[in-house]
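From these two lone chains plus the hints, build me the complex, please.
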Amino acid sequence: MTKQSTNMIKYIIKRILIMIPMLFIVLTFSWLLAHMMSMSPLNSYGNILDPEILEAERRRIGFYDPWYVKLFNYYKNFFTGNWGKSYVLRQNQPVYDMIVKEIFPRTLELMIFPIIISPIIAVKLGISSATNKDKAKDTSIRVLAILGAGFPVFWIAALTQVFFGYYLGIFTQGAFDLPVFSANTPGLFGPGPINAPKTGFRIIDSIIYNDQIYFYDTLIHLIMPGIVITFVSLAGVTRLTRSSMLDVLDQDYIRTARAKGVSEEVIRNKHALRNALLPTSNLIILGTATALLGSFFVEVTFRYTGFGYTLLMAIVRADYNVINGLVIFMTIILLTGTLVADVMYTIIDPRITYR
Amino acid sequence: MFIITDQAYTEEIGYEVSELPKKKKFFRFLKFYLIHGWRDPEFSDQEYQIEKIKSKRRLFRRLLKPLTITGFIMVLFVLILAVYAPWITEIPLPELVPPNIPVGGVPFDDPSADHPLGTTKYAYDILARIIWGARTTLFMALIPTTIAIGGGMILGTISAYFGGIVDYIIMRFVDLMYAFPTMILVIILIPIVGQALLTSLIIFGILFIPYNIRFMRSLVLKVKQLEFVNAAVTGGAQKFKLMFKHIVPNAISPMIISFFGGAAIAVLGLAGLAFIGYGDATVASWGTDINWARESLTAANAVIWPGIFIGIACIGFMIIGDGLRDALDPRLNL
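Protein sequences appear in the order of chains V and R.
Oh and the first sequence: position 325 is 325 in the working numbering, straight run, nothing missing.
Oh and the second sequence: position 285 is 285 in the working numbering, straight run, nothing missing.
Don't take each hint at face value.
Claimed, not checked - Here are the simulated DSSO-like cross-link-like pairs (lysine-lysine), alpha carbons at most 30 angstroms apart as the crow flies:
1. R:Lys-224 with R:Lys-239
2. V:Lys-137 with R:Lys-65
3. V:Lys-135 with R:Lys-239
Stated by the list, open to error - Calculated from the model, a selection of chain V residues having no Cβ within reach of chain R, i.e. all distances over 10 angstroms:
4. Ile-25
5. Trp-31
6. Met-36
7. Phe-79
8. Pro-105
9. Thr-131
10. Arg-142
11. Leu-144
12. Pro-152
13. Ile-220
14. Arg-274
15. Gly-308
16. Ile-315
17. Leu-334
18. Thr-338
Quick caveat, the hints were computed from the structure, so don't treat them as lab data.
Quantities reported herein were computed from a predicted structural model and do not represent experimental measurements.
Just so it is clear, CB atoms sit at the ideal spot from N, CA and C, and this is done for glycine as well.
Next up, chain R with everything else stripped away, as it sits in the complex (with noise of 0.2 angstroms):
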C-alpha cells in the first residue's frame, strides 16, 4: 500500500510548509494590514515555482524542433571545443602561432599519425589550430554581437521615447551610417586603427550599431503607444526608469533573436576579415587558416576544414535564431 502523507508530499514538492507558533502570526499578518500589496513570501515562492515549470514547458515544447536541436548541437559542438581545448589536444597555443615555428615540420602536408588533419603554413597542426580557434570564434561571435546590440538597444529607445530633435539626429547619424557600406567601412578603418583582436571586435561592434539603432527603434514605437506606458507615466515613473524598466523588457524579445544573426554576421565577417590578411595572426582562428592555405593551391585540407567549423558555428546562430523566432512568436513563418 501507498498513502501519501504530508511528509511524502512536502518531499515530492521540495519546499516545506512551515508550521509557526502561534505566538508571532500577529505580527506575522501585521504587514499585511500595513502594507498595500503585500502578499506570503512562500505562497509567492510556491506560486513562482510551478509558473516557472509551466513556461519553462511551454517554451520548450515549441523550441524542441529537428532543426533547432541541430543549431544547438552545432553551438554546443563549438563550445566544447572552446571550454575543454587543453583536454582535447595535447599541443598548447603558443607553439601554433607564428613567433613559434615547429623545427622540422613540413607545410602544407598530407594528414598522417602526428597530424590528423595534416599541417598548414609554418608546419602548424591543423586539427590544434581548429580547436584553439573555436576561442577566438566564441569571442567574434559574443563581444561585437553585444556591442551592436547593447548600443543600439539604447541608442534606439532613446530615439524613440523622446522624438524630436533627438530623433532627428539620431536618425540622421543612423542614414548617414547606412550611406556606407558597412563591410568595406570595416576594412578600411581596421587597418588603420590596428589589428589587434579586440580592437577589430570593438570596431566591427561600433559599425553595426546603426542597423539595431533604427530596428529598436521601430519596436519602441509600437510598444510605446500601449496602456501601461500611460500607466506609468500616470504613476510618476521618472524617464529613464520608464524607458529601460517599462518599455524596454516588453519590446526586447526581437533584439534577443536577432543576436544569434547577428553573431553569425559577425563570425563570417571577421573570418573574412582575417581571410584578406587584416586578422589577428597572434591568436588561432579559422580566418587566418583560409588565409594562409591560399598560398597553397593543392593544400585541400588546410582549406577545407577551418572553413567546415566556421560554417558549423554560423549555421548553428542562425538556427538557432530562426528557431527562437517560432518559438517566441509562432504567427511568423520563417
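Chain V on its own, in the form it takes in the complex (with noise of 0.2 angstroms):
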C-alpha cells in the first residue's frame, strides 16, 4: 500500500470519527427546532381533540418530562429507529417509513434526470462558451446561464406551468389531472395490490406490477419538473467550466501542444478538458449532494411530494415528528455527500494531499 493511499484512509477514518459528534449537536439542534414552534400537531387545523384524549397523548409522549429525559429518550429514539409518527400528515404512519419508503425514493425518481442530465450539458455548453469566446454563441450561452440562475426558480416552474399545462395541455399542471390515479396521492392507490411489497420507486413499481395507467401518470409527472430543474441548475457548472477552461487555454502546454501540431480537437478534449474539469468535478459532486434533498421551489410549485413539498407542509401543520426525521435525514445526507465529494477529488486530482 502506498503513503498516498494510507494518507487517505486515514483522512476518511477522521472524517467519519468526526460526524459523530456533528450528528449529536444536529440532533439536539433540531430537538429545540422542534420545542420552539408555536403551534402544536395535536391541535393544528381541524385536529382538535377531545381534552381526554389530548392529556393522555401527552402522558404517552412524555410531555411533562423534564428536559434532559425528553433529550435522552430522543437521542435513544434516534438510534432505535422510532423517529415517531405523523400525526397531521399521514394518519399515525411511522416517520422512518414514511421517510425511507416514500419521500426519498419519490425525491430520487425526479432528481436522477437532473442529476444526469444536467452536468452534461453544463460542461458542453461551457467549453464551447469558452472555444468561441466573446463571440455570439458565447454571449448567447452566458445569457442563458445567467437566465436560469437570475429569474427565480418558482416563477419559471409557475409560467411552465401555465403555458405547458393549461393554455397547450401537453403536460399536467400538478396532481389534479387523473383523480382516481393521480400520482401524488400517498399510499392509496400504489400500483400492484396494497400490501404487496414495494420499492417506492413508482415507476419501478409500475413495470414490476405491470400497471400502465399508473407508469404513464408517473412519468408525465416527472417531464415538467426535471426539464425546469434541468433548466436551473445549469448556470454554476457552465460558468466555471468556462473559465476554467480559459485559464487552461492560455497555458503554455497547450501553445506547445499546437505548434508541435496536435488537432484543435484533441487539443480541446484531451489537454484542456481534463484539467480544466478539476475544480467543475467538485462542484458537480457536491451538487449532486444537493440535489439528492430536492428542489424545493420547484417541488412546491408542482405539488411534488418530494423532500421539499413534504416539509412545507409539515411546518404549516406543524407536525414537527415530520420535520425533525426530514432536518434529520437531509442532513445525513448533506454530512456523507460532502464526505464522498472529498474523497472522491482525492482520486481525481492525485497531486492533493490530507493531512
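This is the structure:
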C-alpha cells in the first residue's frame, strides 16, 4: 500500500469520526427547533381533540418530563429507529417508514434525470462557450445561464406550469388531472396490490406490477419538473467550466501542443478539458449531494411529494415529528455527500494530499 | 491668440498656488525639519487629485463593457423605482396592502386604463405594487448581505489571524452550519421567529454568515503571509489594528465582489420565502404578488410581471458582480 492511499484512509476515518459529534449536535439542534415551534400538531388545523385524549397523548409522548429526560429519550429513539409517527400528514404512519419508503425514493425519482443530464449539458455548454470566446455563441450561452440563475425558480416553474399545462394542455399542471390514479396520492392507490412489497420508486413499481396507466401518469408528472430543474441548475457548472477552460487554454503546454501540430479537437478534448474539469468535478459532486435533497421550490410549485413539499406541509401543519425526521435525514445525506465529494476529489486529482 | 497664463492654468486645474508671505515661511518649513515624514499638504493634495483621476480612469475603462453597463442600468432602474415611488405612481402604499380592500374592484382583472397591468388579489393594482415593491427589494438586497458579509468578515479574519483553538471552534461551527441545508433552515426558522420583514432579513443574513467566514478565512490566510504584515508587527501594531487596518483592506476586494452575488441570492431567497406564504404581507413585495397570483391559474399578468422585476434586479446584481470581478482581477475569466 502506498503512502498516499494510507494517508487517504486515515483521512476518511478521521472525517467519519468527526461526523459522530456533529450528528449529536445536529440532533440537539433539531430537537431545539421542535421545541421552539409555537403550534402543536395535536390541535392544529381541524385536529381539535377531546381534552382527555389530548392529555393521554401528552402523557404517552412524555410532554411533562424534564428536558434532560426528553433529550435522552430523543437520542435513544433516534438510534433505535423509532422516529415517532406523523400526526397530521399521514395518519399515524411511522416517520422513518414514511421517509425511507416513500419520500426519499420519490425525490430520487424526480432528481435522477437532472442529476445525470444537467452536468453533461452544462459542461458541453461551458466548453463551447470558452472555445468561442466573445462570439455570438458565447454571449448567448452566458445569457442563457444567467437567465436560469437570475429569474426565480418558482416563477419559471409556475410559468411552464401555466403555459404547458393550462394553455397548451400537453403536460400536467400538478396533481389534479387524474383523480383516481393521481401520482401524488400517498399510498392510496399504489401500483399493484395494497400490501405487496414495493420499492417506493413508482416507475419501477408500475413496471414490476405491469400497471400501464400508473406508469404513464407517473412519467408525465416527472417530465416538466425535471426539465425545469435541469434548466435552473445549468448556470453554476457552465460558468465554472467556462472560466477554468479559459484559464487552461492560456497555458504554455497548450501552445506547445498546438506548435507540434496536434489537432484542435484533440487539444480541446484531451489536453485542456481533463485539466479544466478538476474544479468543475468538485462542484458537480457537491451539487449532486445537494440535489439529492430535491429542489424545494419546484416541488412546491408542482405539488410533488418530495422532501421539499412534505417539509412545507409539515411546517404549515406543525407536524414536528416529520420536520425532525426530514431535517435529520437531509443533514445525514449532506454530511455523507460532502465526505464523498472530498474523497472523490483526492481520487480525481492525485496531487492533493490530506493531513 | 491664446496664451496660457498662470491665472488660466490655475483655473483649469482647479486649485490655487498660494503665495505665502516671507515671514511665515520659516515656521512653515519648521515642521519639515522637526516632524519626520511630513509632506507639504498642498503638494500632496495635488498629487492625490491626479492619482484619483488616474485610478478612476483605469477602473472605469475596465468596467465599461456592454454587459456590465446593462447590469448598471438594470439596478439603476430598480433604484429609481424605489426612490421616486410616490412620484411615479399615484396610489399610496397603505391602499395596496391587506388591511385595505379597494371597494368595487375586480380581483385578477385584465389590463385596463385604470390598471395598466391589471389587478391582483383583493383588486390591488399590479403596477403600483411593483413600484412600491422596489423599496422592499432593495432592503432585501442590502440588509441580509451586509449582515452576512460583515459578520463573515469579522469572524473569518479573527479565525484566520489567531489560528489554534479559536480557529478550531469557529471552523467547527461553520462545519455544523454547512451540514444543514441553509434555505431549508430559513424556511423552518422564519415561521418560528415571526414573519415581520426585518426579522426575516436578519435571520437570512445570520444564516448566510458561515459561507462568508470560510471565504474570508481563505483570503486572510493568503494575505497574512505577506511581508507588510511582518513589518506592521515589527512596528508594534496592536492585534486588532493589525487585523482590521492592515490585513482586511488588502483581502477585502473579493468580498466586495461577492456582495453583489449575495444580494442576488438574498432577493431570490426572500422572494421564495414570500412565495411559499411566509412573507410579510404588510409590505408590497414581489414574491407575495406571485404567491397571490397562484390562486388563479388564468392570471397571467399577475404572475409574469413581478417575476420579471425580480429577474431584472437579480440579473443586474449578478452582472455587476461579474463585471467588477473582471475589472478588479483581470486574470480571472468568469
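Checked hints:
A C-alpha spacing of about 12 angstroms is found between Lys-224 of chain R and Lys-239 of chain R, which places the hinted pair at or below 30 angstroms, so the restraint holds. As the CA atoms of Lys-137 of chain V and Lys-65 of chain R are separated by approximately 18 angstroms, the hinted pair is consistent with the 30 angstroms bound. Annotation: proposed proximity of Lys-135 of chain V to Lys-239 of chain R is violated, straight-line Cα distance about 50 angstroms (limit 30 angstroms). At roughly 6 angstroms from the closest C-beta of chain R, the C-beta of Ile-25 of chain V falls inside 10 angstroms, breaking its exclusion from the interface.
The claim that Trp-31 of chain V is not at the interface with chain R holds, since no C-beta of that chain comes within 10 angstroms of its own (minimum 13 angstroms). Its closest Cβ contact with chain R, about 5 angstroms, brings Met-36 of chain V to no more than 10 angstroms, contrary to its assignment away from the interface. The beta carbon of Phe-79 of chain V sits about 18 angstroms from the closest Cβ of chain R, which is more than 10 angstroms, so the claim that it is off the interface holds. With a least CB separation of 19 angstroms from chain R, Pro-105 of chain V remains clear of the 10 angstroms interface cut-off, as annotated.
The Cβ of Thr-131 of chain V sits about 13 angstroms from the closest Cβ of chain R, beyond the 10 angstroms cut-off, so the non-interface label holds. The Cβ of Arg-142 of chain V does not lie farther than 10 angstroms from every Cβ of chain R; its closest approach is about 8 angstroms, which violates its non-interface assignment. Residue-level check passed: Leu-144 of chain V sits 12 angstroms from the nearest beta carbon of chain R, beyond 10 angstroms. Look at Pro-152 of chain V: its CB is around 5 angstroms from the nearest CB on chain R, not clear of 10 angstroms, so calling it non-interface is violated.
Every beta carbon of chain R lies more than 10 angstroms from that of Ile-220 of chain V, the smallest distance being close to 18 angstroms; the non-interface claim holds. No beta-carbon of chain R is positioned within 10 angstroms of the beta-carbon of Arg-274 of chain V; the least distance is around 19 angstroms. Not every CB of chain R is more than 10 angstroms from the CB of Gly-308 of chain V (nearest about 8 angstroms), against its label as outside the interface. Not every Cβ of chain R is farther than 10 angstroms from the Cβ of Ile-315 of chain V; the closest lies at roughly 6 angstroms, contradicting the non-interface assignment.
A Cβ of chain R approaches the Cβ of Leu-334 of chain V within 10 angstroms, the least distance being about 6 angstroms, so the stated non-interface status is violated. The claim that Thr-338 of chain V is not at the interface with chain R is violated, since a C-beta of that chain comes within 10 angstroms of its own (minimum 7 angstroms).
When the structure is compared with the earlier hints, violations turn up for hints 3, 4, 6, 10, 12, 15, 16, 17 and 18 and for no others.
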